[in-house]
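Enquirer: Spelled out, the chains give:
4 protein chains.
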Amino acid sequence: MKNHLDVPLPDYYGQGGRLGKPAARELKESAYAHDCSQAPVLLEGISYADLAHAMMLIRQGVIPPEEGVTLLRGLLDLHDSQRNMEMDPSFGDVYNNREAALKKMIGSTAGWLHAGRPRREAVNIGYLIHVRRDLIDLMRSLITLASALADQASRHAATFMPDQTYLHHAHPTSLGHYILTYLYPIFRDLDRLKTGYLHVDMCPAGSGSVNGSRLPVDRNMLREYLGFHDMAVHTRDAMWQPDVPIEIISAVVAMMVNVNRFSEELQLWSTLEYNMVDLPDEFCRASVIMPQKKNPYPMTYIRGLTGFLLGLTASFAAVGKTHSGNPDSRTFVYAELPEAITKSAAALRLFTGIIAQLNPNTERMLELVRAGYANATDLADVLMTGFKFDYRTAHQIIGLTVRKAIETGIPGSGIEASLVRSSAVEVTGQDPDIRPEDIQPATDPAAIVNSRKTIGGANPDRLAEMIASSTARLREARDWVEQASERNTSALANLLEQARIMARLQ
Amino acid sequence: MKNHLDVPLPDYYGQGGRLGKPAARELKESAYAHDCSQAPVLLEGISYADLAHAMMLIRQGVIPPEEGVTLLRGLLDLHDSQRNMEMDPSFGDVYNNREAALKKMIGSTAGWLHAGRPRREAVNIGYLIHVRRDLIDLMRSLITLASALADQASRHAATFMPDQTYLHHAHPTSLGHYILTYLYPIFRDLDRLKTGYLHVDMCPAGSGSVNGSRLPVDRNMLREYLGFHDMAVHTRDAMWQPDVPIEIISAVVAMMVNVNRFSEELQLWSTLEYNMVDLPDEFCRASVIMPQKKNPYPMTYIRGLTGFLLGLTASFAAVGKTHSGNPDSRTFVYAELPEAITKSAAALRLFTGIIAQLNPNTERMLELVRAGYANATDLADVLMTGFKFDYRTAHQIIGLTVRKAIETGIPGSGIEASLVRSSAVEVTGQDPDIRPEDIQPATDPAAIVNSRKTIGGANPDRLAEMIASSTARLREARDWVEQASERNTSALANLLEQARIMARLQ
Amino acid sequence: MKNHLDVPLPDYYGQGGRLGKPAARELKESAYAHDCSQAPVLLEGISYADLAHAMMLIRQGVIPPEEGVTLLRGLLDLHDSQRNMEMDPSFGDVYNNREAALKKMIGSTAGWLHAGRPRREAVNIGYLIHVRRDLIDLMRSLITLASALADQASRHAATFMPDQTYLHHAHPTSLGHYILTYLYPIFRDLDRLKTGYLHVDMCPAGSGSVNGSRLPVDRNMLREYLGFHDMAVHTRDAMWQPDVPIEIISAVVAMMVNVNRFSEELQLWSTLEYNMVDLPDEFCRASVIMPQKKNPYPMTYIRGLTGFLLGLTASFAAVGKTHSGNPDSRTFVYAELPEAITKSAAALRLFTGIIAQLNPNTERMLELVRAGYANATDLADVLMTGFKFDYRTAHQIIGLTVRKAIETGIPGSGIEASLVRSSAVEVTGQDPDIRPEDIQPATDPAAIVNSRKTIGGANPDRLAEMIASSTARLREARDWVEQASERNTSALANLLEQARIMARLQ
Amino acid sequence: MKNHLDVPLPDYYGQGGRLGKPAARELKESAYAHDCSQAPVLLEGISYADLAHAMMLIRQGVIPPEEGVTLLRGLLDLHDSQRNMEMDPSFGDVYNNREAALKKMIGSTAGWLHAGRPRREAVNIGYLIHVRRDLIDLMRSLITLASALADQASRHAATFMPDQTYLHHAHPTSLGHYILTYLYPIFRDLDRLKTGYLHVDMCPAGSGSVNGSRLPVDRNMLREYLGFHDMAVHTRDAMWQPDVPIEIISAVVAMMVNVNRFSEELQLWSTLEYNMVDLPDEFCRASVIMPQKKNPYPMTYIRGLTGFLLGLTASFAAVGKTHSGNPDSRTFVYAELPEAITKSAAALRLFTGIIAQLNPNTERMLELVRAGYANATDLADVLMTGFKFDYRTAHQIIGLTVRKAIETGIPGSGIEASLVRSSAVEVTGQDPDIRPEDIQPATDPAAIVNSRKTIGGANPDRLAEMIASSTARLREARDWVEQASERNTSALANLLEQARIMARLQ
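Going line by line, the protein sequences match chains A, B, C and D.
Read in order, the letters of the first sequence correspond to residues 1 to 506 in this note's numbering.
Read in order, the letters of the second sequence correspond to residues 1 to 506 in this note's numbering.
Read in order, the letters of the third sequence correspond to residues 1 to 506 in this note's numbering.
Read in order, the letters of the fourth sequence correspond to residues 1 to 506 in this note's numbering.
Looking at chain A on its own, in the form it has when it is part of the complex (with noise of 0.2 Å):
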């Protein structure tokens, strides 16, 4: 196993070279150890880069072809191995702590490794690696979230219920209407994590420290080794690119935030006040000490998990913020990025969990939009378009005929003809002659909901024509997806497969 020169170096790379003295006690228990605690990110991913590296340098000829079968048993060992290893930060980051343990395994043949390429370049490797795959997982499961909103919106295209702006009464409308608020955003969730996942998934690899090599090295048998779709080109900005993970994280809170609209509302909607909905005994929390509590956990972990994510935006975009060269633009993205897709793709299974068991209290739902004035602008419409007033005069009618309903205790739906025209003497001081029958389908919430055929609006044969485009429109983002899956995980077995042919083991 050894090599014709078994040199002992020192386990601290550089030691004895540039570096007079080992690492600095206050750099280990900083830097080094945060460094360390990156390998539940990077280790695969940084193994897949290595094979391949090994393998191109072999098949070029840099390394002979004894070390290259020495060298590609010890990294498949390493592969295998690796899962349960104990950083130490003695040795430096991850990368170094996987030299180390080759080294140990190998002896100096394991020195081979390190030609032609950079610590950078594995480490961001691994990266990608990790980070193409969790995007993958995260749009799996919008797309499954999308698909559960799209069914409850399927159900309710008769359950009525009053939508509202500042939490207010607006208009009557359909749950299914309303659900559809948050479906849509996630097309646009798509575009931007398609676009950005095609900005992940470009190789990096064999662009030497910042501008190539003079080894022959094949960047294109890297690319198809790692399964990347194709090539970061020029090797200065394939090194950094500090652009990308604030693209990702934007893209990902930008998501987040439109499930938390949904999320506070229906937070609210559970309170024994608006009584909408009930939640799941399973999807709640009991309090330790108020033994009525039903605590709507999932809302609260969704709203907390949007709001912290929402300042990594900031921190992504501060890290990026220096002279190119300097490492810091990643050594705080490689953990937290994937966290935070991870931890977001968790929250829209957790919320994907409640909208399928969603359980609205219809009936509650109906008594509310009839006890308040969500018909108000049916009632100026109506009385604009049969008596020509212009619409602020019917407005403005409507208003203070609202405002007397209030004060007297008559619901929305119990507004007679007669207050309208009293308000409309009041305000114009004429008397138009309204009748009973004049307002009356604009008393009806199934009425007024039936009369909102702009595309888009809530009449049923609206929605369904959105619910059906919408559904087209996810069975072609989740083809997309798979396809993508699909490349990277058969390049990968691929790569496992050729490198221990390579290494005869095979």
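These are computed hints drawn from the structure, not numbers from a lab.
One should not assume that every hint holds.
Copies of one chain are not kept apart here, so a pair can be met inside one copy or by any two copies together.
[As the list claims (entries may be wrong)] Calculated lysine-lysine pairs in the DSBU-like style (CA-CA distance at most 35 Å, straight line):
1) K388 to K104
2) K343 to K21
3) K194 to K453
4) K21 to K104
5) K453 to K103
6) K404 to K453
7) K343 to K28
8) K194 to K343
9) K104 to K404
10) K388 to K404
11) K453 to K388
12) K104 to K28
Start from chain A and add chains B, C and D according to the hints.
Expert: Just chains B, C and D now, kept in the frame of chain A:
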């Protein structure tokens, strides 16, 4: 100019109707004053929105023909005269101020304008029309910067300088290759800006206030009048979309972070210590007290702007993180986002001015690359390939060589074979037969740069390929932008012309 | 009015000296335009700084007596006339614009002003004078809000309502106790604002440009003229202090987050579903389309402002994160921080207006507390103390009781001993002898609130203690603020008077 | 070990009571997994909170004596054994996991612990105990850094170097004066950290869940047991306080921004171009590929950490911006804030290590100050004071002089009287009689530094004064910190001892 019923409604919308009183002083001095400050952004676009809305309602028979003519004439008058309109917070926001002005001009006929449409829709359209124009301008400026970078890169394929990481010499490179570091991210910027532009350029017109309208609103007619490429279909989604401002600001921030990086370095290069560039006098600022100063003020401005803007990603996410239906997700975006875009576009032009006149001190650059040890990797590569040392051992030998060279004051370009040889003995115990001709190719900067033949590397042919392909991509991007611009501009011109015809003014 | 040597220097500072050319268009349209927009914040304070600097240099014999009189007269003229000065970016920033105006008035004698002082010092002082006044105004408004909260709390010791966590009923409480939730953080706000104020109110005058001056600058004289309570001693620290804007903005944000919380809840309480308060008409805004709407616009504004400002904490830290000596840590703070403070102060006054007129629907509050199960903890306490169940068992019994009560439509106030007893049997297998009189004290809201006798609890005596101590603390805070205000105001008045005397105008 | 009634309640709190089912998988994999990850921060402090709560309830007669002994023994066992406890999200959060473990140990007697106290109170106390200890450690590390800065400053009163603005030479200064730039902000840091510490060190114990308790809870006893210096009086305020995490993180960020500044500059000084310091080997990191590199990794780490943390100010404000009563303002702070503090403290120690070993290249510093034009202000001062030119004219003359000197390759220290004279003629048309001895004092760096006699300036006496007063202030600060630390530590030790006595174990 009066309609049949001219009721003297109060100027403050809703007063005497739903509201018993005018606005409180505290409300006017805070929220309404804030809203009024958005006039420079919103006035023009709201005017287009109002014209389109009125014309559609006339064509659909909602507004009677006579009133329609009066209304359109008023709106056209206002379109021309509003530029210097004083905003009065007593009326409320910009929309209310326009409404008060219109009412003053044409009396209660002005009231027809509000049929079937909330203020939010008009304001939103005003904002979107401004933002899409701002984005066009931004993309134009960005493409111009990219072209200036490509031009300079093509001039400096053989201007040698030290590439760096951590600001410490890394490898000899060419200024041309270095400059492209800042061109490549621009392609990702353009991907993001285009994706964002397409989300901004979606028409919300005709949404009713939340779920459509009982009036025969024609959304396609509105979309065409206003020149949007597509419709924001779901009426409730169309109104809020808190994700889009997050998307735009983070694309802008990612772009500025890139520009900031080169900007930081140019400031450094302009110091006495580096002395690699001399910034043009017209881009510098004098100190009031220190006569010798030629301060690189543009760099400070770009860095300050980038730093400031990056917090807005968090701001825009935080204002969007609320229940749907709350307008706070927009009221702190209407003016703030356009300002962020236009300031960034001006900063890009500032930076382009500097790049276009970039005057590198090529002698100093060469002196520096020779004085340092940027050729060390090539020395190690030579040891590895020529003498079969594994790379880590070769690295150790050269690391020690450099340490000795520094101690004895020998620059990288002056390292001799004998020094390498003695280090090899020290590290490995063996004495490789290293001759001057072995290491010669690893000491000349030009030879080293030429050796970087990997795709994306610093070799002049690789550089020329990158410049050629970048130039082609920039040409495509410019065409896309100009077509989008033309679509908007001609639609709005047509809108005005049609309005004049319907108003019987033409 | 001319001095002995009136050289016609170019208007653009440095042109013809160190700079060969005037400013480039791109520089004027970006950085200088930005700088000029700071005039409303900076003009007045720079004027004071200039006067103090000139007077000190005259008294120290640096500026000759005759020139001194000319200079002071020019500065006093400018002080009075500058309010409507147009800023011209061709000159540079606000400082340069003042200098150009002064030179126009008194020729090259204006040039004496720049002795021993960089622009940064003058601008800094201008900024600090503005910010300390803004902070005084903010603290005043905050104390007034606190007093309004205390007043309302004292009125509602016996207004019963459901306290909440997760927006779900928690315990019966009094509105008075609930309101104090938002008073107590104000004491921490005041701690922070005072600490920050004392850092702002430190005089940097006389620092030279970085490390002092060879001129006989008297820093104490300057400090007294300008009314600062202390000196920023180290001359280089005095110039930058990037930490102080971070400190101030985060104190403002922390304060607004608190106000935002109550604001969110008042919006909720004003919904039809809650119906616990009716917001005054003059604090609401009408919808343009929906006649029934009385939108709680102040809540939206407060929430939007809070959300927007919170990103500025990241912005101000990001602009400070750079080498020392770079002015970007200040150029994006000069106008942005004062605007943040003054908008927040106006928002506090807006909120105070609402609090002062708060009109709770006390019947509805009582109805809600009776309809829910907020008394469940008291029931469990009674079981524990009276029947020696451990608390978790008691909690389980009452939890089950509530579940049954909901299923059968019994409100919390209607739970009977028998129901508790049957649940106890179900949970424990034992049958405790629970009688109606045992649970009676746990069903009456007033009795429950009275039982909260722990320090800081809802019992009326505890409430009265808190109000009394809070009132005393607010009185102290107000005294502190007024003294600080008086110190600044009288110093600046004195400065003007002394200047007129030295200029022989008085 | 069992109490009289040992009911086999389900492990999942509330199941079988208010909740019909155990937690859903999606809830466990998201929110509960997140909560469980807080164990390293919370476990120890919750243990103290539980002990204090149990002891108080026993002394107040709420928990019967026998059960009390059992409970305390269980809690003491748990205190010792919990360090390696595995968290199981099936139970919920850290509190629930402790409860499950306790129940396993002592059966249903464990249920007495929950009397009169919500989970939030226990968790809050656990968090506060951790944070106050973290803050003590941070303040200690900060004071140590400050002392190291003061030490270095005192060594370098006569080490001359160019002071800078915009990274361009400003004035000759001493390294000692320059270093103090970074000491003075630490006094403001300490002000903020102390204010924040006093807000953290307020005891919420005994609040009941929101408004007190009907049980005879003794809040003073709890406060003393837990070693808090004061009580958070209002029970509802005590529970949430979303402002305090904002306060702490922004104080930490402000501190790190300061450290970052010097750190940026030291990296620059370590470049080949500056060559002003050589960083100790044990604080550098080797490149894997480039043998010559001695990368200043600590600077990268500090810059990255600062950039990352600054986004958390926005995060913590965003999670606090919600209704009161929602725990999202805390669940994303419990672990995140302590981590921010402890990482910052480690980074301070890292930086202190570098400062303590700072090895400036004093010859190079002097060479640089002589090579540049940092003496230009002094030349202009000399012209003004000696020849009665107004300062702007003097500035113009010297500006032109420098421009000519650069063109002809004359360094600042080599500028001769004749060159100044010819520039004066060019600018003013007059020929002042400037002799070599006139400008001599303005060319020697030592003389220039000595001339900076203004308070806070670079003159050695001024420097010595600042160091003396700083040292005294640091001594006071250290005393304050040690007293606060001692108060906490001894209280908790006493708590354990009392618990053992009450448990009849001692």
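Enquirer: Look at each hint and say if it fits the structure.
Expert: Checked hints:
1. K388 to K104: Between. Shortest inter-copy distance 21 Å satisfies the 35 Å Cα cut-off; intra-copy 91 Å does not.
2. K343 to K21: For K343 and K21, only the inter-copy Cα distance (24 Å) is at most 35 Å; the intra-copy one is 41 Å.
3. K194 to K453: both (33 Å within a copy, 32 Å between copies)
4. K21 to K104: For K21 and K104, the Cα distance is within 35 Å only inside one copy (21 Å; across copies 52 Å).
5. K453 to K103: between (72 Å within a copy, 31 Å between copies)
6. K404 to K453: For K404 and K453, only the intra-copy Cα distance (31 Å) is at most 35 Å; the inter-copy one is 44 Å.
7. K343 to K28: Classified as both; 29 Å inside a copy, 12 Å across copies.
8. K194 to K343: both (19 Å within a copy, 29 Å between copies)
9. K104 to K404: Between copies only: 29 Å across, 87 Å inside.
10. K388 to K404: Only inside one copy: K388 and K404 sit 23 Å apart there, 56 Å across copies, limit 35 Å.
11. K453 to K388: Only inside one copy: K453 and K388 sit 22 Å apart there, 64 Å across copies, limit 35 Å.
12. K104 to K28: This pair counts as within: shortest intra-copy Cα distance 21 Å, inter-copy 40 Å.
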